[in-house]
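Colleague: Okay, here's what each chain looks like letter by letter:
There are 2 protein chains.
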Amino acid sequence: MRIPKHIGIIPDGNRRWAKYAGLQKKEGYAHGLKPGLDLLILAKDAGIQEITYYGFTTDNCGRPPEQVKAFSKACVDAVNLIASEPVSLLVVGDEDASTFPKELLPYTTRTDLNGGGTRVNFLVNYGWEWDLAGLDHPGRNRRNICRELHSHDISRVDLVIRWGGMRRLSGFLPVQSVYADFFVVDRLWPDFQVEDFAQALQWYQEQDVTLGG
Amino acid sequence: MRIPKHIGIIPDGNRRWAKYAGLQKKEGYAHGLKPGLDLLILAKDAGIQEITYYGFTTDNCGRPPEQVKAFSKACVDAVNLIASEPVSLLVVGDEDASTFPKELLPYTTRTDLNGGGTRVNFLVNYGWEWDLAGLDHPGRNRRNICRELHSHDISRVDLVIRWGGMRRLSGFLPVQSVYADFFVVDRLWPDFQVEDFAQALQWYQEQDVTLGG
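From first to last, the protein sequence lines are chains A and B. One point on numbering: in our numbering, the residue at position 68 of the first sequence is 69, and numbering is uninterrupted. One point on numbering: in our numbering, the residue at position 34 of the second sequence is 35, and numbering is uninterrupted.
Any given hint might turn out to be false.
[Unchecked claim] Ranges of calculated distance between the beta carbons of each label pair, as one might list FRET restraints: (1) Gly214/B / Arg143/A: 22 to 32 Å; (2) Asp78/A / Val195/B: 44 to 54 Å; (3) Arg17/A / Gln200/B: 33 to 43 Å; (4) Arg188/B / Asp154/A: 38 to 48 Å; (5) Asp39/A / Gly116/B: 32 to 42 Å; (6) Lys6/B / Val69/A: 24 to 34 Å; (7) Trp204/B / Glu96/A: 34 to 44 Å; (8) Lys35/B / Asp39/A: 47 to 57 Å; (9) Asp187/A / Glu67/B: 16 to 26 Å; (10) Gly116/A / Glu207/B: 38 to 48 Å.
[As the list claims (entries may be wrong)] Quick partial rundown of chain A residues pointing at chain B, CB under 7 Å, derived from the structure: (11) Ala31; (12) Thr58; (13) Leu133; (14) Ile146; (15) Val179; (16) Gly214.
Simulated from the structure, these hints should not be mistaken for lab results. From the three backbone atoms N, C-alpha and C, an ideal C-beta is built for every residue, glycine too.
Turn these sequences into a full structure, and let the hints steer you where they fit.
Modeller: Structure representation (structure tokens):
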């Protein structure tokens with residue numbers, strides 16, 4: 002079986018889920034924690050080496066304050082859950098801004114936890130423009146471009162899986178995703194099922210990797 | 002009806018089409034010309050203001066020489082066809098490389114033709130890394146980033162439509178596409194049907210534009 006080395010996860014649909022469940026929008030995020038951990042374990046068992054979770058972005062921070070507070074807390078909780086697994090963990094985002102949760106500062110340097118393992122990147126207060134902000138005449142050498150990204154420690158993404166039905170990247174790692182295959186799950190993220198992941202991997206088998214060639 | 006301002010077109014599947022038709026792979030590209038012109042007229046009638054066609058990339062130039070020659074010629078022919086319409090035309094790509102067709106050099110400055118009209122951008126010998134190569138510490142200001150792209154005269158893309166079934170951007174305008182909705186048509190590009198475009202526009206109605214917010 003052909004397994005992607007690196008998958009990107011866009012866990013969308015928490016607010017819609019909350020609304021359907023008769024809750025306040027902000028209450029949806031907490032229901033996205035267990036799916037994130039379940040997915041990590043499935044991915045590890047499948048032999049995937051690197052996972053990047055789309056936590057929250059600087060764009061998202063324009064939402065109502067109670068939602069910002071709620072998704073920020075959910076990301077802190079998610080990272081702490083992941084940190085109890087055997088992973089090599091990195092939190093990537095604009096750590097100098099007030100919207101970056103201070104509790105996650107220790108993880109802005111990659112850290113092997115519980116003996117190390119799957120490379121897990123968690124985007125927190127990330128922005129595509131922040132990612133590109135420091136490019137300094139890299140020239141067309143791909144290695145140089147990638148080295149000058151703020152997200153330079155995140156490798157090329159093979160497969161992006163987005164829950165919640167939207168077919169867009171919403172600013173997710175524009176450089177690392179240039180060649181990524183893009184699989185969309187209609188189900189909302191808090192309703193994550195094992196079969197969503199299995200279908201994404203199954204679909205990925207049928208794709209060829211050409212890197213644009 | 003909610004109409005995208007700017008659509009990106011990835012006209013994929015020419016070689017597979019040729020194979021199914023019992024032709025040589027390189028013979029497929031010529032069958033992609035009429036669809037391109039048909040689409041331009043449909044888009045104009047729908048009120049779309051800007052279209053970007055993914056012609057060929059520097060990545061593609063690694064293919065067998067007879068294919069490179071064939072897709073290069075098809076792009077020259079396509080641009081000449083488009084140039085007979087009322088458009089504001091710009092060809093964008095690495096014009097200094099030997100793989101850039103010299104016949105298209107006059108269009109590397111935006112030119113109003115036949116009274117001007119739809120903004121049409123045609124990517125020829127384009128590379129995402131070439132596009133980013135000149136960024137000079139833009140900072141996180143989006144306007145600065147976009148201004149420092151080689152493709153700075155191409156605006157944000159609202160909707161990318163890809164023919165040929167693949168669900169990936171393959172290096173298409175990574176910065177302008179960060180928020181783009183992505184519609185995939187399974188049909189191969191030379192088999193383009195009016196309904197493909199109609200379905201893409203119909204689907205686009207159901208999407209909301211949040212720009213990541």
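Colleague: So, for every hint listed, does it hold in this structure?
Modeller: The hints, checked one at a time:
A beta carbon spacing of about 31 Å between Gly214/B and Arg143/A agrees with the range 22 to 32 Å that was offered as a hint. For the pair Asp78/A and Val195/B, the beta carbons lie near 50 Å from each other, so the given range of 44 to 54 Å is met. Checked against the hint of 33 to 43 Å, the C-beta distance between Arg17/A and Gln200/B comes to roughly 24 Å, which is inconsistent with it. Hint check: Arg188/B to Asp154/A, Cβ distance near 40 Å, so the stated range 38 to 48 Å holds.
Taking 32 to 42 Å as the suggested C-beta distance range, the pair Asp39/A and Gly116/B does not conform, at roughly 59 Å. Taken as a hint, the range 24 to 34 Å holds for the pair Lys6/B and Val69/A, whose Cβ atoms sit roughly 29 Å apart. As the Cβ distance of Trp204/B to Glu96/A is approximately 38 Å, the hint placing it in 34 to 44 Å holds. One distance hint, 47 to 57 Å for the beta-carbon pair Lys35/B and Asp39/A, holds here, with the actual separation near 49 Å.
For Asp187/A and Glu67/B, the hinted distance range of 16 to 26 Å is not satisfied, since their beta carbons lie about 43 Å from each other. Checked against the hint of 38 to 48 Å, the C-beta distance between Gly116/A and Glu207/B comes to roughly 47 Å, which is consistent with it. The criterion of a C-beta within 7 Å of any C-beta in chain B is not met by Ala31/A, whose closest approach is roughly 21 Å, and the hint is violated. Interface hint at Thr58/A: satisfied, since its Cβ lies 6 Å from the closest Cβ of chain B, which is below the 7 Å cut-off.
Given hint, Leu133/A at the interface with chain B, holds; its Cβ is 6 Å from that chain's nearest Cβ, closer than 7 Å. Checking Ile146/A against chain B by beta carbon gives a least distance of about 6 Å; that is within 7 Å, so the hint holds. For Val179/A, the interface hint holds, the least distance from its beta-carbon to any beta-carbon of chain B being 5 Å, beneath 7 Å. Of the supplied interface hints, the one on Gly214/A holds, with its beta-carbon coming within about 5 Å of a beta-carbon of chain B, less than 7 Å.
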